[in-house]
Structure formats: C-alpha cells, structure tokens
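Residue numbers (this note's numbering), protein chains in the order written: chain A, 1 to 218; chain B, 1001 to 1407.
It is possible that some hints are incorrect.
Think about it this way: if two alpha-carbon atoms lie no more than 30 Å apart in a straight line, the pair counts; the simulated DSBU-like pairs of lysine-lysine are [said to hold, decoys possible]:
no.: 1; chain 1: B; residue 1: K1325; chain 2: A; residue 2: K124
no.: 2; chain 1: A; residue 1: K124; chain 2: B; residue 2: K1394
no.: 3; chain 1: B; residue 1: K1394; chain 2: A; residue 2: K69
no.: 4; chain 1: B; residue 1: K1018; chain 2: A; residue 2: K124
To be clear, the hints were calculated from the coordinates, so they are not data collected in a lab.
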Amino acid sequence: MQELHALKGVNLQIEKAEYVAIMGPSGSGKSTLMNLIGCLDSPTRGEYYLNGESVSDMNDNELAKIRNKEIGFVFQTFNLLPRANSLHNVELPLIYSGIDTGTRREMASTALEQVELLEWAGHKPNELSGGQRQRVAVARALVNNPSLILADEPTGNLDTKTGLDIMKLFRRLNDRGNTLIVVTHDPEIAQFADRIIHIRDGEIEKEERRSGQVQDVH
Amino acid sequence: MRFGDLLRLSFEALRAHKLRTFLTVLGIVIGVTSVIAIISIVVGMNEKITSLINSMGTSTFTISKYGIEDYKSQEAYREARKRKNFKFRDALAIERDCELCEEVGAEAVTFRQLKYGSDKMNNVAIAGITSNFINMTEFEVAEGRVHSEFEQDRYAQVALIGDKIRRELYEGLDVVGRELKIGIHKYEIIGLAKPRGSMLGEDLDEFVLIPITTLLKNYGSNREIEIFIKAPSEEALAETIDQARVILRSRRHLDFQEEDDFAVTTAEEWLEFYGSVTGTIQVVAVAIPLIALVVAGIVVMNIMMVSVTERTREIGIRKSLGARKRHIMLQFLSEALMMSVFGGAIGIGLGILLAKALAGAGDLPFVISKLAILGGIFISTGVGVVFGLYPAMKGARLDPVDAMRFE
Chain A
1 MQELHALKGV NLQIEKAEYV AIMGPSGSGK STLMNLIGCL DSPTRGEYYL
51 NGESVSDMND NELAKIRNKE IGFVFQTFNL LPRANSLHNV ELPLIYSGID
101 TGTRREMAST ALEQVELLEW AGHKPNELSG GQRQRVAVAR ALVNNPSLIL
151 ADEPTGNLDT KTGLDIMKLF RRLNDRGNTL IVVTHDPEIA QFADRIIHIR
201 DGEIEKEERR SGQVQDVH
Chain B
1001 MRFGDLLRLS FEALRAHKLR TFLTVLGIVI GVTSVIAIIS IVVGMNEKIT
1051 SLINSMGTST FTISKYGIED YKSQEAYREA RKRKNFKFRD ALAIERDCEL
1101 CEEVGAEAVT FRQLKYGSDK MNNVAIAGIT SNFINMTEFE VAEGRVHSEF
1151 EQDRYAQVAL IGDKIRRELY EGLDVVGREL KIGIHKYEII GLAKPRGSML
1201 GEDLDEFVLI PITTLLKNYG SNREIEIFIK APSEEALAET IDQARVILRS
1251 RRHLDFQEED DFAVTTAEEW LEFYGSVTGT IQVVAVAIPL IALVVAGIVV
1301 MNIMMVSVTE RTREIGIRKS LGARKRHIML QFLSEALMMS VFGGAIGIGL
1351 GILLAKALAG AGDLPFVISK LAILGGIFIS TGVGVVFGLY PAMKGARLDP
1401 VDAMRFE
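So that you can see chain A by itself, here it is in the shape it has in the complex (with noise of 0.2 Å):
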C-alpha cells in the first residue's frame, strides 16, 4: 500500500500578531495545511505547537477544546447555519464554551458591531448579502477572542468590490493585533498579508515579504 503525502518537509513558524498568506494553486496541499494549522485534522507524522503546546498528539476533544478557544474559522462558503440569525450563528462557539446567555448576548454583540452589522443581528443568512454573511462568519470567528484567525478562501465566492471590503476588515483586524492566515489561490488577496509563502506539491516553495524580498527556501 502506498501512503500518499499530501503535505512533506513543511517547515512554518507564525508569530502572533503576523498576517501571513498561503498560497498555492489547487491540490497544492494548502487546504490539507490549512485544517493542521485549524486542528481540524492531526498530522500523520511531525508536530504542531500553537501558543507553544504540542498539538499532534492531542485527542478529538482537546482538538474540538482548541478549536474552540484559540481558532476562528472563516470560510469560503461562509458556514453559517441558515435556519440561525447572524446574533445566534456568532454565539455558537460561546454556547459550546458554557457561557450563559446573558454574557453572550453580550460577546455576540461587540463582535457584531466590529464588523458592522449589528443592526442585522436579527436576521438570518438568506436575508443578508454575501458580503455581509462573510462579515458575520467574521463576527463568529472574533467572538471568542482566538489566538488565531484563519480564513479559507475568504473572498472567492464574493464579488471584487465586496472581497476588497473583507480583505480591508481583515488588515484592520490585524492592526488591532489579530493573527491572521489567509489560505488562497489569488494573488491580489494574498497582496494584503505581511508575509506570503508559496505552496506547490505539498512543499514550500517560496515566502516572500512585503518589504519585497523574496526568499527562496530551496
């Protein structure tokens, strides 16, 4: 049987408070690096530390505990659940962290306001735009204060007025200290990171800063 590698030799450190974009075209691996990096999924070999703790070895509920507390997803798809309105789609990383209601109302709501729509708290997905059901699943990824921020494909399901919006919410996150990984194929996107690295064949090809040095790791 041959095992097949869908990522070998990665060798990535991100300091908090970083904006780092992943790139690469698709099957180049960045999704598989992505749900590493998101604890969705625990390397079949080497290790992961976030926040200095070693995460390879950890079972699915310290997983789900580290999703929970120290990730905010955000997807391409946006996720949100669709029968929820945008209040109650934000809360839910709160509900499974046990938090009562009244102080969550309360979380949902600043991270509401911080991207603006916390007058549509009460509505559900199918009655917001695209761009602002991405702002929610942003609101939903803050709310509960996470290490890190990841976001697959933030923008590729939005229009490029409405991405450019999302990627000048995301630098204004970062600006407040929010470490951020945005995983895309579209260079434009990547363009708003600090540092890109370049993924091809399961392997780092290249990172470049936004100084403009580029860095060849071969």
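Following the hints, position chain B against chain A.
Below, chain B without anything else, positioned relative to chain A:
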C-alpha cells in the same frame, strides 16, 4: 454546553419540521396508548378477580365433589360428575365433629324465574346459604340483613337480593318488606346487598340469597352443595383440612387406600388456577401493543437518520466551532428523547382514557395502575434512547472536514 441550550437546540430543530415531528410523536402516542390501555385493563381484571377470590378469606377453603383439576378437561369433569353429591347433613356433621373448624357453611345453587307483580326476570341464580355465610366472606349488606340461624332452622321464606334485582323489579321502591316470587314460592325480602358491579358482561349483582334449608326444601334436596370451612388461622389451614377430610372420608365410606372422591380447594389454589388460565392471554395481550411501540421506535430511528444526514454540514460547522462528539450526540439524542417522552406523556393520558372507555363498553374493570404509568415512562424513554442512540452516534462520529464538504 449548558442543559438549557441543549433543550432549546433540540426544540428548535423539532419545530423546524413540524409535520415530521408530529408524525413521529404520533407513532409513539399510538404505541404507548395501547400498552397503557391494555395494562390498565389486565391489571384491573387481576385485582378484581384476586379480591373476589380473597374475599372468602385466605384461611377459608371449600369442599366440593369438583376440584380445580376437574375443570381442566371434559373427561375429568364427566368423571367427577359421577361422584356422590354432598348433602347439607355432611356440612352439619363437620360442624359437629371438626374441632378445628371455626365456621362451617354451605351453599347450594339453582336458577329460577323471579316475579314481582307483573315484572319478571328469568334464570336468576338463587343461592341457598347458611346464615354464617356472611361471617366467612367480605359480603356487604346495604339494607336490612341476611337470614338468621333461627329462620334457617325453620325453612323461613325470606330473601336477600342483589342490586340488579332491585333495579329491574323494584326501581324507586324500598325493597325490604316487599314480596318476591322465586319460581312458585313467595318470599319476603329482608335485605339488599351492596352493589358489586359487573365483569366481562356478567353482572355480579344478579343473585338472590335464601336459607339453604329453604332452597333444598322448595327446589329439591338431591342437589350438590359446596361446603365452606374457615380454619382458625392460615397456619392451621393444613391441619383443619385434614380433620375435615377424615370426617368426610368416613361418611363416604372410603377405604384407607382409596383416594378422596371430593376436592378441597383453598383461595390460593383458586388464584393459581386463575393465573394459569389467563397468564398466556395476558402475556399476548401486552405483547401485541409492544410491537406497535417497536415500530414507533423504528420510525424514530429512521427520522433521526434522515435528520443526521440532512444536517451533516451543520454538524461539520458545529464541530469546527468547537462542538465535541458528546455535544453532537446529546443534541440528536435529546431530539429523539424529546419526541418519545412527549409522545409517551400523551400516550399515558390517552391510554388511561382509552382503558376507561373500553372498560365502560366491555364491562371490564380497570385501574390506573402505577405499573402502567411507570411502564409508559420507562418504555417511551427507552425507545428514545435505544432508537436515537445509533443515529446520534453516527452524527457525532462525523469528521468535521468531510462533513463541511457534504452537499
């Protein structure tokens, strides 16, 4: 995750599919209703029969030429019929010679037409009893009295009637002191029995009690009588039975190696007999509605499987946001439980009403039994857990990445 959040979540999910939830709950309601109704009636019947048999007291036994065994087959019954009838004087002999026997009573039965004025009732059971009969059973008199030993000794033409007789022949009248014709003989009514209701279409209040001496004189003395004997205590039962048997064996001229040509039956044996006759029927009666419940459980399982598949993406999203296996499992399990417990609660209520209606229509006794209610709660919860567990586990095991990709 907080308990309140869990309940709200499940409730919202059920509300989102009202028709589906309604149909699933309906299945459980039907299952639980039928189980509760049947159990209520079966338990009611058992209690009634047990109390009827026990009303003669646990230290009392009967002697007759027919025993329980003789009712079990036609041949046995035919053989027993050939035996010599007991006479009233046999009872009197026991009363005289049996030291341990505390009370000795006797009963003979015939069926006759009753008449009052122009009103008639046909084929009514007329029981000739000894005056001490009332001390030996829990028989209750509503008005008047049972005949005395004095009246018995003098073949008095007096009668105590059951409530059915009062309703049919003396509606709206005071019965005590009225005349009653049994066959061609006239009697004075001296008492009225307390109503006992009916069972399986048989009215337990359709009877007349007269002195046994009067019955034998008026309607033929060559008839089988049954002897009732009360032992001083339950412990002394066996010894008392032996004493009575010895007296009867000598009166019936049985050699020591010959078997008894009569039977002694205790209340306990009557209860066992009843249990052996009705036991199988009861098991079947309860088992059939249980099948309905299993079907309801399968409906729950089916719906929960659909629900899990339908919400695969939702499960993925929830897991990515930090829901653990346990959270997902509890979410679906509590949905299944909510439906089954809700259905069970309605089923218990409807089951009791149904039992009441059936009991009224079919002359069956029924009781609101704790067994039925506890059973209903237990069974419906069980159905929810058993049939909800597999779908819930299936949902909980989903991989978040795969689940979110699910279309």
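| message | Hint compliance check: list the failing hint numbers for this structure, sorted ascending. | response | none
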